[in-house]
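Chains A and B supply the protein sequences, listed in that same order.
Residue numbers for the first sequence follow the UniProt record's numbering, so the first one is 1 and each next one is one higher.
Residue numbers for the second sequence follow the UniProt record's numbering, so the first one is 1 and each next one is one higher.
Keep in mind that the hints were calculated from the coordinates and are not lab data.
For each residue, glycine too, the CB sits at the ideal point set by N, CA and C.
A hint or two may mislead.
Cβ pair distances, simulated, as ranges [claimed, not checked]:
| no. | chain 1 | residue 1 | chain 2 | residue 2 | range |
| --- | --- | --- | --- | --- | --- |
| 1 | B | Asp237 | A | Glu277 | 49 to 55 Å |
| 2 | A | Asp65 | B | His106 | 57 to 63 Å |
| 3 | B | Glu93 | A | Glu277 | 53 to 59 Å |
| 4 | B | Phe210 | A | Glu247 | 43 to 49 Å |
| 5 | A | Gly45 | B | Phe212 | 48 to 54 Å |
| 6 | B | His106 | A | Val166 | 48 to 54 Å |
| 7 | A | Glu228 | B | Asp301 | 47 to 53 Å |
| 8 | A | Glu228 | B | Gly238 | 23 to 29 Å |
For reference, the chains in residue letters:
2 protein chains.
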Amino acid sequence: MKIELELAAQRLREHDKILILTHKNPDGDTLGSGFGLYYGLKQLGKQVYLRNSDELPAKFSYFYDSQMTAEFEPDYIVSVDVGDTKLLGTKLEQYADKIDLCIDHHVSNTLYAKETYLDGAASSVSEILFFLLELLGIWFDEQIANCLYTGLVTDTGCFKFSNTGVKTHLAAARLIEFGADYERINRDMFETKSFARIALERMVLDGMEFYFDRRCAYVLVTRAMMEEAGADYTTFDGISAITRQIEGVDVGLTLREIGADDYKISVRTSAAVNASELCRKFDGGGHVRAAGCTLKGNIADVKRKLLAAAQEMLGSR
Amino acid sequence: MKIELELAAQRLREHDKILILTHKNPDGDTLGSGFGLYYGLKQLGKQVYLRNSDELPAKFSYFYDSQMTAEFEPDYIVSVDVGDTKLLGTKLEQYADKIDLCIDHHVSNTLYAKETYLDGAASSVSEILFFLLELLGIWFDEQIANCLYTGLVTDTGCFKFSNTGVKTHLAAARLIEFGADYERINRDMFETKSFARIALERMVLDGMEFYFDRRCAYVLVTRAMMEEAGADYTTFDGISAITRQIEGVDVGLTLREIGADDYKISVRTSAAVNASELCRKFDGGGHVRAAGCTLKGNIADVKRKLLAAAQEMLGSR
């Protein structure tokens, strides 16, 4: 059942032993909103614990509470930024049918919780948490401001994407006022590249090919390249966006070799081409401008099929 | 003489034929604030004209008014984002001692105008203009919102840099409310790279050298490289920031050959090193983390001098 923000705040006020669940492969928003809520509820004198199925990334170490008390039997379970119980991961799936409140911004939320506060127009759950903590009368200290600010910027590409709204900027203004260390956070999130990343970008630029009057960019990243660069899957994050950034490119194809004759393809498109439609030809899917699929076979065949599909999409308009 | 924003607004209200001057090599803020002011004053029924010494870049074509009336004899001259009359450029230097009002955010402003509204804490002149146009009771239409929003984001790296403040986000919230096409603007300003830019980045990554336990990154961009990439000075914008983005790099040195044995050096540093201090050794200067200088001589000598200075700065702490 969907509920209003005021009722969500009341539920939190009414309980004393609260467990917060975040989604697997955690990102800045699930952890930023989760820890924002964690510190807010601590201020109200409650026992709080936050869990994730995966190890918490070092990147967000400034969120973490070295004083987090031992686990306890919760009287209320809240999930943040978890659109589907499948995203709880192996360690947390035990809670799938026990979640009292879900706070989310994914319109695809499956409404698995007893009660759900869903704002599909919010840039991030951290944005929602800003207004929720205000309702709870929390004092926004630097720690809370840093958690929520991080969630805002990681989900919006630092206020660049279309999900950014008036409320996103209003929350950001207040969080900066409350001491969010925005310069350092933005530098760490957006302006710092590892040596492995730089090495990988160099290889990608060196190997990029163009087709169909430069409307299609093609990049192949082999396992050997990943190894040479010292890169892992986290290094790869954002690499496929490079193709679409190039002026005039309507289809960017980024292939990553994940095994022998086995390729994971990320498709990025301009408004002129539907990426999801292109990927559906290969049993993949995704969003209109960012989608993916996998293809097996030798690279010459895989490349030929993908270029043919791209050409068809480009030719159809 | 420095004046308050209210008096600046009053002066604008009192005059009817207003000429707006912007700085040479125009960027998003001088043109964004200039055109924001232009359209605002037009609303008040005034005759307005905007000038620049250089050609107006196609990148900002959505600012321009194809209906801009012929030039006239102004009764009031305003400069925006021009910290020094040297920045007026050749075509506008005739106005150097005739400027009635300067609106600026550079603390280094030489106070050349009869009256100056200076807010060194403002992220951009576009941010100031937002509050000035509010004082003037302007209706913020999409056109004005787009101009001012562009100035905000181009001067702050899309709200990333330390000059971003509470008022920057408050202005952004209102400008989005008023219809600023922020998604498209951000894509055009930050997510679109020309072929020349991609070619140049590839050369920069291919040629980058590291010194002093990788704490110093060194890049040389020759005229031949610029030509091969099809790049001009606008393509180069932001290239020098690449060095500092690499983890562990405290000093980034980017050299651009501007003539025979003549090099323009951009220094970018982490908090560990004062870029301005480094550049002062070569009669240059700038900010704490971004500064510049020029050096003449053969490249081997220039490189040796710069690396020695960088090593000294790194060794001193």
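Could you see if the CB distance from Asp65(A) to His106(B) stays within 57 to 63 Å?
-> violated, 42 Å
- Query: Honestly, do Glu93(B) and Glu277(A) meet the 53 to 59 Å range at C-beta?
  - Reply: Between Glu93(B) and Glu277(A), where Cβ atoms are some 56 Å apart, the hint holds.
**Report entry** CB-CB spacing for Asp301(B) and Glu228(A) relative to the 47 to 53 Å hint
**Finding:** violated, 35 Å
Worksheet item: Holds or violated: 23 to 29 Å for the Cβ distance of Glu228(A) and Gly238(B)?
Response: holds, 27 Å
Quiz prompt | Whether the CB-CB distance between Gly45(A) and Phe212(B) falls inside 48 to 54 Å | solution = Once the Cβ atoms are compared, 51 Å apart, the range 48 to 54 Å for Phe212(B) and Gly45(A) holds.
- Just tell me: holds or violated, for the beta carbon distance of His106(B) and Val166(A) against 48 to 54 Å? Violated, since His106(B) and Val166(A) (Cβ atoms, about 30 Å apart) do not stay within the stated range.
Query raised in the report: Honestly, do Asp237(B) and Glu277(A) meet the 49 to 55 Å range at C-beta?
Result: violated, 36 Å
Exercise for review: Given the range 43 to 49 Å, decide if the beta-carbon distance of Phe210(B) to Glu247(A) lies inside it.
Suggested key: violated, 31 Å
Comparing the model with each numbered hint stated earlier shows that hints 1, 2, 4, 6, 7 do not hold.
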